[in-house]
Every structure is written in C-alpha cells, then in structure tokens.
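> Residue-level listing of the chains:
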Amino acid sequence: MKRILTSTLLISALAVSACTNPDRFGADGMGGANAGAGVNAGVVPGSANDPTSTAYFQQAVGDRVLFLVDQSTLTDEGRATLDGQVAWLQANSDYQAVIEGHADEQGTREYNIALGGRRANAVREYMISRGIAASRLKTISYGKERPIEICSAEACYAKNRRAVTVLAGGALTS
Amino acid sequence: MLTRLLGLLALGAATVFAAAPDTARAEPLRIVIDDPTIEPLPFAVPSFQPESGEAGQLAVDIARVVSDDLTGTGLFREIPASAYISTVSDFNAPVEYADWKAINAQALITGAVNVTGNSVNVKFRVYDVFSGEELLDASGQGGLQFSGTVDGWRRMAHKVADAVYSRITGEGGYFDSRVVFVSETGPKDNRQKRLAVMDYDGANLKYLTESGSIVLAPRFSPSGDRVLYTSYESGFPRIYVLDIGTVQRRALQSAEGSMAFAPRFSPSGQTVVYSLSQGGNTDIYSMDINSGQSVRLTNTPAIETAPSFSPDGSQIVFESDRSGSPQLYVMPATGGEATRISFGEGRYGTPVWSPRGDLVAFTKQNKGRFHIGVMRLDGSEERLLTASFLDEGPTWAPNGRVIMFARETQGAGGSSSLYSVDISGRNLKPVRTPEGGSDPSWSPLQD
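For the record, the sequence lines run as chains L and U.
Taking the numbering used here, I'd label the letters of the first sequence as residues 1 to 174.
Taking the numbering used here, I'd label the letters of the second sequence as residues 1001 to 1447.
Keep in mind the hints are simulated off the structure, nothing from the lab.
One or more hints might be untrue.
[To be verified] Simulated crosslink set (SDA-like; lysine to any residue; CA at most 25 Å straight-line):
(1) L/K159 with U/G1324
(2) L/K138 with U/V1247
(3) L/K159 with U/R1250
(4) U/K1101 with U/S1119
[Claimed, not checked] Stretch-level coverage of chain L by chain U, calculated; a stretch enters the list once three of its residues show a Cβ under 8 Å from a Cβ in chain U:
(5) 100 to 108
(6) 130 to 144
(7) 157 to 165
Model, not experiment: these values are computed from the prediction.
Think of the CB as a built atom: it goes at the ideal place given N, C-alpha and C, for glycine as much as any other residue.
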C-alpha cells in the first residue's frame, strides 16, 4: 500500500500557522529584535511587553473578534479590536495576516465553512476600509473544525464564533 | 405463482404475510419494507455445505455473514440452529419442509462452498417453507452461484444476502457495498481526521490518508473506484480526487485565494459540483474533472453549498440561505432558476438525492435539535427519521431504502460516530467502526 509521504510537510505547514507554536515565537523574536531597535532597554524582544511582537498583538491588541449566532456582522467591540489591529499592522508593515473564520458546532459542516468564510471576509473588508493593503490579508475558514472551547453551551459557542488574525512575518511568506 | 407475483407487488401495501395454514396459503413470501409495523420474518440459514476439504470454515463463516446481513436490516429474524429439527447434509437433497415449518422458519436458505486454491465458489437456494417451493428471482432464476477469491469471501456472502433480500422484498440489495468516511480520534479541540474505506458492515477497513491535516466529506464516484473530498493539506481547503485502489490523489484546480469544498460527482463521473468561497461569498460551481474547467451555477450573495445531482444528472438539489435561513432548492444541472422545496420549521442542509430519484435526504436543525429526514422533491411528505443533539450528513444505501449519517454527542467529551436508519425511521443502529466516524458516503453496489 502506498503511503502518503507529505504528511510531515503538512504538519509543519500547520504548525507555522498555529499561533501557539514555540518555533514561531523564536523566529518572531528575532524579527522583533531587528524591527524594534528603538524599543526601551529592559523590554525583552518578542515578549508581550515588546509592542512589535506577535505576543503583544495577540495579548495586548487582541487577535480575535466574536460574532453573534449565524452572524458575520462586526460588533462595536469587534470594530474597536480591529482598529487596534489595523494600527498595529500599519506600524509593523513587514507583517501579513491570515484571518481565520470559525463557527460553533451548531450547524452543518458545509454551511459552517461558508459562514466562517463570511466572518473572515468581514474582518478583511473592514481592515481594507481602514487602509490595510488587500495584498497583506488572506482569509481561510475552518468552519466548526477548530473549536477552542469544547462545552456544548452558549458560553463556549460564543468564544468559538470568532475570526482570529494570525500574523505572518514578511520574511516567512514568499 | 410466486414468480409472477414477485414482479407485481410494489411498494405501498402494508401487510406482513404471516405463517398460513399449509394448504390455505395464498400469498407469496414477501416483506413490504414500507410497512411501519413490520414484524421481522423468521428464517433459517444452516451452515453451508463444504464441497471441498478446505471449505469447512468458509462454509460456516459465509452463512454467518448472510445471517448478519439479513438480521441487520431489522426485517428478518434468524431462528437459532439449536431449534432445528432437520439438518441439511446435501445441497441437492429434497428439503424437509415440515421440519422447517414446525419451527416457523418462513424462509430457508441453503448453500454450498467449494474452494480450489485461492478460488471460492458459493451456491445458494432460498425456499418459501410454507408454500413448499423454491423462491425464485424476478426472472424465474432459482439457485445461483458466485465465484471469487478466498480473500474476498465476505463479498460472496453479501451477494448471497443481497439476492435473498431482493427475492423477499422485491427491492435491490445493498450488502455488497462499501462506505468511505472520516475516521476521527481525539477531543473536540484536537480532533484528528483521516479518510477510511470499509465494507458497509465495518469489515475490511483501510485508511486512505494520514491524520496530519483536516479532511472532510469524502464522496464516492458512481463507479465506486474514486473518492472526492476536501482537505486542508495545502493550508487552505481544496478538493482532491483519490483513487481507492492505488491511494494516489491529486488536487483539482482552484483559484488562488479561494476555498473549495462540498464536492460531489455527477452520475456520469465526469463532472464535479462543489462550493467555491471567494471574498466571503459561497456559490456552487461545476467542473469538468478532466479539463479542470469550471462553470458558475449560482450567483447570489447568499451561501450556496452542499450540491447533489439527481440520478439522471439533469438537476441539482442544494442548500442556500438566500431566504434568510438555510433551505433546500432544486435547479437545473446547468444552473438557472432555483425552486425552493423546504418550507417546514427550522433550518435545512446537506440535501442528498436518493438513488431511486424519489426522495431527498437532509439534515434539519430545529429548536436546538438535529434530525435526519426525507422529503419528496416537491417538499411534500417530509418525514424526520432521527432526533438528537447533532445528527448530520445523510448518505443513501444503493437501494434507496437505508440512510447512514453521523451523530455527535453533546458536551466536552463529545464524539462522532456512524449510524444507519431505514427511511421508515425503523432500525436505527450504530455502524461498527474502530474509531469515531463522520461524513459517511455509501458506494453503489459493487460489480
């Protein structure tokens, strides 16, 4: 039986897009050190205290916006978060972003992929309207395939109905 | 008389022919599947006769699989061998009908197995015990034989069971078929998925992909040799076609920056309908699988997905939220005006056209519950077959009488597994898989 030989490549590719992968923080740390030459002494480059780091983007700016059931309309809170993301992307112009759209488990697999696509696109269109170049922003939907919360209750569903802006340093993308 | 009536009795009658007095029996042995109050028909299937030295174990095993197939439909009930009065010691000896009648076996299945090297030959006959006659097929054929390899012995058992099922129900069989599905392990927030193919009853399972990337919704080709599915292996959802025999796969063409998913073959196997999501909008396209050329079939700002061809290839049923919530629509296979067919309460998705052409199976979401249901193509006679926290993704058995689907259980420890149910709503039961399962697709009957 023939085996599928590309699986390790696939795992690597997924790891690169995963925001919690330690290798990415390592790579970004170097990028942050270069880009952040003017940062005050005492800030660890690449840490959440370094405003040019992806960790800062995730934690201080906020890398995700949430949606109401079956909706892809941005909330006021979501727009405020995205304004912060836009400002960060304008200040860190060597970064690109993949916006990941997600849905909760209520709904069919196919519909939820399409719905996640709508959500990711709503974020992308908003960022473009605020001045980010379209060429820096890609979208993908995972539908209901990648929940972060696993209970079957609204408290979890609310966190799963999300669009997450995942940064990719300019050096990492061709 | 039996053979004449076999062809005449169609769906709709609602009688189970119970055991009748010896001479007064006027009706043939027959189960009408649509009958909602059906009692399983008692049958006996003694171990088949080994006609060569090496055939002993297979003669026992094949009879077991025949019995499991028939019993698994919920339409038949096996009488245990411990109740037998007669034994069958010669495939060609006259049947002692009185002995089988005495234990209320309405049908008797006998068979013989011959093994030569790696070749197996299986013969069988079916008897209508209460009329004292051999039960023939619609063309008047009685005993049949099937040949194959020792490794493929289960398929010969399934073929025998299909023939018995057809003679007694008047319907096509579905046992000699396979299911491709997504095999799942791990918790909800770290679910590992890989494609697997197995016999309809869970035997002979084989994995088709590794679990390194998300795979979704495999769909058999009309000839059962290829599978379309969606994979994230490139980083973005794309459609792949995989040859089951060689496990070679290739990506179908898709535009940069788009997501392609929900593919399904046309009845000719030459065309693929699928969803393409671009700029947040999802529409249905059709692609010539050889040239890779796509044609857009829907053009609205709504989500259009889950397309499925009619058996004659002329129409497509699909899901759209153009009305404000997901509903089912039918349009010509070349695109054009779509007609809404679902009007009940709730949200409808994943429509699949029955291989008989008479019904659409679907997923329905209503009041926090999910259902698998069927309706006619004009939306009438909607019937919900299941209800649970999350039932989804129906697929039809080759004879259009049974539906398989996935059921996900509730909560943090939730997992997904495969179930099947009759279109009457009877005989809901789990399908045996070694891990969790989702997105089943039932093959046509094998050659």
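> Mind listing which of the numbered hints don't hold for this structure, in increasing order?
2, 3, 4, 7
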